[in-house]
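Number of protein chains: 2
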Amino acid sequence: MLVQELDTPSLIVDLDVMEANLRRVADYAKQHSLRLRPHTKTHKSIGLARRQIALGAAGLTVAKVTEAEVMAAANPADLLVAYPVFGAPKLRRLTEVARRTKVAVALDSLASATPLSEAAVIASVDIGVMVEVDVGLGRVGVQPAEALALAQTIAALPNLHFRGLTFYPGHIKQPTEALVKALSDTVEKLVQDFHDAGLPPEIVSGGSTPALFHSHKVKGLTEIRPGTYIFNDLNTVHSGACTLEDCAASILTTVVSTRPGHMIIDGGSKTFSSDRLTTGAAGHGRLLEAPGAFFHKMNEEHGFVDLSKAERSFEVGEKVRVIPNHVCVAVNLHEQVYGVRGGRVEEAWKVDARGKLQ
Amino acid sequence: MLVQELDTPSLIVDLDVMEANLRRVADYAKQHSLRLRPHTKTHKSIGLARRQIALGAAGLTVAKVTEAEVMAAANPADLLVAYPVFGAPKLRRLTEVARRTKVAVALDSLASATPLSEAAVIASVDIGVMVEVDVGLGRVGVQPAEALALAQTIAALPNLHFRGLTFYPGHIKQPTEALVKALSDTVEKLVQDFHDAGLPPEIVSGGSTPALFHSHKVKGLTEIRPGTYIFNDLNTVHSGACTLEDCAASILTTVVSTRPGHMIIDGGSKTFSSDRLTTGAAGHGRLLEAPGAFFHKMNEEHGFVDLSKAERSFEVGEKVRVIPNHVCVAVNLHEQVYGVRGGRVEEAWKVDARGKLQ
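Chains P and Y supply the protein sequences, listed in that same order.
89 is the number that our numbering gives to position 88 of the first sequence; each next residue is one higher, with no gaps.
116 is the number that our numbering gives to position 115 of the second sequence; each next residue is one higher, with no gaps.
In case anyone wonders, no lab produced these hints; they're calculated from the structure.
This one's a predicted model, so the numbers in the text were calculated from it and none came from an experiment.
It is possible that some hints are incorrect.
Which bits of chain Y does chain P cover? Going by a derived footprint, with three or more residues having C-beta under 8 Å, they are [to be verified]:
hint, region
1, 87-100
2, 149-160
3, 185-197
4, 300-307
5, 311-324
6, 331-343
The C-beta atom is built at its ideal place from N, Cα and C for all residues, glycine as well.
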């Protein structure tokens with residue numbers, strides 16, 4: 002089937018570009034002796050997780066217990082739930098996953114670690130713990146000075162074992178040498194404190210896609226957890242971690258209405274998500290067939306495209322491809338993805354971990 | 002089960018409030034002799050569509066052919082696909098729906114009507130057509146002066162029959178008497194032109210939730226298609242069409258991390274959607290347990306809540322309910338909805354038409 006024959010809106014992935022993205026990061030991790038533990042939230046696909054493992058990934062990362070249940074099917078050697086787990090329903094499911102595969106949870110409080118330990122005791126499983134440290138984003142994570150005390154307490158809790166440190170440098174949207182140096186200083190001191198206290202972390206895990214190729218400059222870092230790099234998106238381009246040509250995913254849409262200098266496409270917030278660009282700039286995506294077009298507004302099923310500076314005009318019924326601002330949330334809105342090569346649909350895969358809110 | 006026992010994040014609906022919302026609008030429509038054809042995009046549930054029909058709805062509205070396939074199960078007397086339908090796959094599916102129920106499509110071009118007529122001929126079905134008119138939003142729709150010519154051409158196409166006019170006054174976010182008067186003048190003149198030309202529209206259909214209770218002031222209007230009114234949301238409150246107490250839907254979340262004056266809840270853009278308020282104001286939802294809290298930022302799985310002006314503090318593991326900015330896109334992110342009454346979960350229903358992008 003030709004790409005142009007797909008019904009719209011459909012999420013399509015250029016397989017050549019995706020494969021190059023996967024290789025580039027696998028090679029970078031090998032070159033710098035960093036463990037690569039990709040965050041699967043971007044693709045949410047068991048098949049793509051398997052490809053990441055085949056290329057040398059040391060494990061996988063997920064955000065939710067329900068995602069862990071899905072990704073256990075990819076047989077990761079080491080599965081990280083990068084989110085504090087609360088409540089009996091989630092703890093029960095987590096212990097079930099821990100029977101099938103080696104699991105660690107990233108958390109930042111004893112209020113989270115204590116019930117986790119109790120659940121692990123009840124279920125007779127061992128669960129690893131990574132202490133989450135806030136390195137500047139102000140989201141989850143203890144302050145660096147508090148990490149050691151929390152880790153020491155956790156190390157003494159039954160059926161938990163302290164495995165190391167996690168952080169997410171999400172405050173670094175456009176890496177500079179100064180930002181990377183500050184991050185490195187924080188991490189280096191943190192790791193030194195743990196060594197001095199006789200509790201050396203087995204793993205020191207950080208790294209987002211924007212800061213990805215600066216990871217080797219962060220002293221003490223042993224693992225990276227990028228997610229977006231498999232597809233990339235406009236935010237990744239603006240971060241400097243890739244070029245537009247490295248964006249593998251786009252959304253195929255149909256022009257459904259036109260007026261002079263303007264058109265409506267059949268994709269809106271239900272198709273792209275309404276995530277803005279991290280730069281704060283306006284616009285909801287880049288049209289591959291007319292990069293000068295301005296995708297300025299969305300309703301749920303309608304995309305508003307200003308063509309006054311576009312390279313060409315469009316007629317109703319024509320199909321156009323749009324690179325999204327933020328591919329992770331866009332993937333979550335689609336049931337399946339079409340892998341394309343040279344204008345042909347080569348494969349289709351299900352978004353296995355779509356939804357999975359709990 | 003108690004509401005507080007639900008795993009999070011979960012979408013909950015206060016059944017007393019929802020039932021009052023349904024009755025209020027059904028009564029309003031009856032009082033003013035307006036056909037009520039609710040847009041099902043808000044709830045996406047066959048069961049709730051049946052309740053709307055039981056309360057007197059003359060039919061249902063959907064945005065997509067795949068939604069029409071789902072909502073045909075509610076046995077509407079008249080089903081409107083309020084979106085131009087393009088491409089053989091969608092046209093084939095639409096003709097299948099047309100065998101099961103009376104269907105009309107809202108469209109704004111001959112480029113859309115001609116293949117629709119051809120598909121109807123091939124499949125030996127009759128399909129109604131509503132001519133979509135742009136009354137100010139600048140989305141889909143012909144200009145009022147062009148509507149008659151398009152309708153006359155469509156009326157002559159085989160297996161299509163012209164049934165009337167649709168418009169969506171989405172530009173009216175906060176109705177004023179002047180805005181409603183301008184809309185009424187446009188619609189009144191339009192309808193008069195059709196009567197003068199001997200092509201009286203059977204149905205003149207408009208009405209969004211924000212402008213809902215002004216519908217009786219629009220001369221010539223015979224049908225309203227509100228969607229959001231069943232649940233309401235912060236945008237509806239800001240439009241003046243409801244109060245905060247009329248918001249039936251909220252999202253139950255858990256506090257997963259705290260620091261002084263701030264907390265993180267386990268719902269972000271994957272749970273609420275990243276739709277901003279139509280007023281342009283900041284904030285991603287209103288916390289029922291602390292209305293002074295400011296839900297200022299979201300990542301996919303994290304909600305950032307500033308508590309510096311909140312009525313109370315929170316501990317990790319506590320559950321809080323949040324009214325979303327825009328409930329339609331939030332419902333689309335959930336697999337199921339929990340109907341609650343008096344602190345207890347009374348029923349749960351599947352979001353039957355979730356996704357359904359094509």
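A quick look at each hint next to the structure:
1. 87-100: holds (count 4)
2. 149-160: violated (count 0)
3. 185-197: violated (count 0)
4. 300-307: Three-residue rule met by the region 300-307 of chain Y, so holds; n is 5.
5. 311-324: This one holds; 3 residues, not fewer than the three required, reach chain P with a Cβ under 8 Å.
6. 331-343: holds (count 4)
The structure shown violates the earlier hints numbered 2, 3.
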